[in-house]
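Undergrad: Those protein sequences? They're chains B and U, same order as listed. The first sequence begins at 1 in the working numbering and counts up by one. The second sequence begins at 1001 in the working numbering and counts up by one.
If you're looking for bench data, these hints aren't it; they were derived computationally from the structure. Because the structure is a prediction, the values reported are computed rather than measured. Just so it is clear, CB atoms sit at the ideal spot from N, CA and C, and this is done for glycine as well. Be aware that one or more of the hints could be misleading.
No more than 20 Å apart at the CA atoms, straight line, and that leaves these computed lysine to aspartate or glutamate pairs for EDC-like [claimed, not checked]:
1. U/1014 to B/109
2. B/127 to U/1009
3. U/1087 to U/1250
4. U/1087 to U/1169
5. U/1087 to B/109
6. U/1087 to B/108
7. B/127 to B/139
8. U/1014 to B/108
9. U/1014 to U/1025
10. U/1087 to U/1023
To list a few chain U residues with every Cβ distance to chain B over 12 Å, as calculated [to be verified]:
11. 1037
12. 1102
13. 1127
14. 1137
15. 1142
16. 1226
17. 1238
18. 1243
19. 1248
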Amino acid sequence: MTRSSPQLTPPLIDPSAAAQPALAVSGIRKRYGDREVLRDVTFAVPEGEVFALLGPNGAGKTTLIRILTTLVRADGGTARLLGHDVVRDRARVRELISVTGQYASVDEELTGRENLVVVGRLLRLGKTAALRRADELLEEFDLTTAAHRRVGHYSGGMRRRLDLAASLVASPPLIFLDEPTTGMDTRSRAALWNVVTRLARGGRTIILTTQYLEEADVLADRIAVLDGGAIVASGTAAELKRRVGRETVELVLDDGTVIRSVTDGNPERVRLLLNRLHSEGRHVRTLTVQNPTLDDAFLALTGHTSATAPTDKEPAR
Amino acid sequence: MSTATLPTELVFAKRSITRSLRDLDSLVTAVVAPVAIMVLFVTVFGAALDSTVGGSYTDYVTPGVMLLCAGFGAALTATSVHTDVSKGFVQRLRTMPVRASGVIFGHVLASVLRNLASIVIVLLVAVALGFRPTATPLEWLGIVGLLTAYVLVFTLIAAAWGLASKSVESAGMFSFIALFLPYLSTAFMPADNLPGFLRGFAEHQPVTLVTDALRGLATSVPDSTTLTRSLLWLVGLGVGATLLTARLFDRAARS
Ligand SMILES: Nc1ncnc2c1ncn2[C@@H]1O[C@H](COP(=O)(O)OP(=O)(O)O)[C@@H](O)[C@H]1O
Ligand SMILES: [Mg+2]
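Let the sequences and hints guide you as you build the complete structure.
TA: In structure tokens:
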């Protein structure tokens, strides 16, 4: 029910999967001053999976992403990407990853196309190849019509898409997305979800963080719930919901009365309920079984509601 | 040709130059300000000051205006550098197989080119207003070298300032230093006209030394003591600013 429940961190690597996980994180710890920002974070992500780190603001998501992408060193523990240590082999790791930070890091004075060309040329593409790659990405991210406009005139959603495109110039196998849709309106969010789904179908491994349960539910093959710097549960969305076990039945009687009852997934309780109603001579018109939502799961696992409702405002930065 | 890769530093330099050409602030600073300031000094103060400086005021003031404009233009580097570290561009670079520090090189090179262009504009306006340098080709070479070194050193100090700044506003403050330093020198009038407590500062600060050295070269009476002292100042400041910039970049990139 709460944090003290058995550590719900089953081995995430399916033994039948590829021998080497795309990402293996073990015992990562980090503190800033007195604050323990990450405590013993351990998980693994097989190749080709979409993995979501779900947690409220301040849970430590960005710090974890920064450690995994070579930007910050952990105080303890290890992380390996496709077998390469993020500290010792960071030069190699940087060739395997793309990172899209929580805030767009694009050049406002340059056009969308120029931004992508700069990244391409930094990655040692020739001029023609850099231009070709830029145009492909602009097309893929639905920015072709804005290609020659300065990014300063882009909307927040367009900037985030360009930022993501810029991180994909090199087609790396591992993609990190830190809160890719925070602050986006519904339409941009849906567009970004499409992009992520497409990348996943292309076989990339994607690690994303989010505050939104719905986002994790829609996109991720597996979810780890991060709260207060620790992983309090992990598994598929269905597994997380089942663990909470608060399945409820809803009965509507002939006279319009609605009865809701928690079954905890036990059919016996439904039978008892129906028997009692029958003996009282009341007739049931409809019966529906409701599974817990990921919201319920989150509340149960962390003891508080996580997700702030999506807003349409871009965070100030 | 089009399949050739460009060295990282040059990609960054090209990016910085494109940004400069797009940014109204830096264009005005680089092109309009030199013309306006040169015309202002010569036409407004010129007549009154010819006697004070004992000769043509245009000849006297031109080196100072060059340094004023170049320094002011170089100060913009503080803001560009600060923006790149604070807005996540450097973060992105550090997750890529790229030499991230090249971004500073790009800004520095762009600043040097931009401000040498400003200096040429000052020079053209000055000649139109009656500036008549008598330097030999060798002395011209010295002038170009000294100006380039001055712009480079000032840009490096601006870069360090930008990296040390906690906000865009404080990064922008460097423009004030760039503006006031020439005023507190002998760039626009001899030090005797300054109040006593500023005179000592004005006589020994690098802007005064570089201005004097430039005047000497332009009028074909180079003074080796002034030249040597200017160079010592520039080399000292340049090395210090480079080391500081490197350290601050590492720190900023890691935070
Ligand atoms: N550089 C830092 N210095 C000090 N504290 C930090 C730093 N980065 C993050 N923190 C703290 O660590 C905690 C987790 O932050 P973060 O990883 O950004 O969480 P999230 O991305 O999940 O919102 C927060 O309390 C934050 O204040
Ligand atoms: Mg975050």
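Undergrad: All hints are to be evaluated individually against the structure, with a verdict given for each.
TA: Right, here's what the structure says about each hint:
Between the alpha carbons of residue 1014 of chain U and residue 109 of chain B the distance comes to roughly 13 Å, so the proposed pair stays at or under 20 Å and holds. Between residue 127 of chain B and residue 1009 of chain U, the direct Cα distance comes to roughly 15 Å. Compliance with the 20 Å bound is thereby established for this hinted pair. Straight-line distance between C-alpha atoms of residue 1087 of chain U and residue 1250 of chain U comes to about 16 Å, which keeps the hinted pair within the 20 Å bound. Between residue 1087 of chain U and residue 1169 of chain U, the direct Cα distance comes to roughly 14 Å. Compliance with the 20 Å bound is thereby established for this hinted pair.
Of the pairs offered as hints, the one joining residue 1087 of chain U and residue 109 of chain B holds, with about 13 Å between alpha carbons and a cut-off of 20 Å not exceeded. This hinted pair checks out: residue 1087 of chain U and residue 108 of chain B have alpha carbons roughly 11 Å apart, not beyond 20 Å. Distance restraint check for residue 127 of chain B and residue 139 of chain B: the Cα-Cα separation of roughly 18 Å lies within the 20 Å cut-off, and the hinted pair is therefore satisfied. Our distance criterion of 20 Å between C-alpha atoms is met by residue 1014 of chain U and residue 108 of chain B, whose separation comes to about 15 Å.
A hinted pair counts as satisfied when its Cα atoms are at most 20 Å apart, and residue 1014 of chain U with residue 1025 of chain U qualifies at roughly 18 Å. Only pairs whose Cα atoms come within 20 Å are accepted, and residue 1087 of chain U paired with residue 1023 of chain U is accepted, the gap being roughly 17 Å. Against the 12 Å criterion, residue 1037 of chain U stays outside the reach of chain B, whose nearest CB is about 26 Å from its own CB. Interface exclusion of residue 1102 of chain U from chain B breaks down, the closest Cβ pair being 8 Å apart, not more than 12 Å.
Every CB of chain B is more than 12 Å from the CB of residue 1127 of chain U (nearest about 33 Å), matching its label as outside the interface. A cut-off of 12 Å between C-beta atoms confirms that residue 1137 of chain U is not in contact with chain B; the least separation is 38 Å. Every Cβ of chain B is farther than 12 Å from the Cβ of residue 1142 of chain U; the closest lies at roughly 36 Å, confirming the non-interface assignment. The claim that residue 1226 of chain U lies off the interface holds: its Cβ sits roughly 40 Å from the closest Cβ of chain B, which is beyond the 12 Å cut-off.
Its beta-carbon lying about 27 Å from the closest one in chain B, residue 1238 of chain U satisfies the requirement of being farther than 12 Å from that chain. Non-interface call for residue 1243 of chain U relative to chain B: holds, since the shortest CB-CB distance, roughly 24 Å, exceeds 12 Å. Interface exclusion of residue 1248 of chain U from chain B stands, the closest Cβ pair being 17 Å apart, more than 12 Å.
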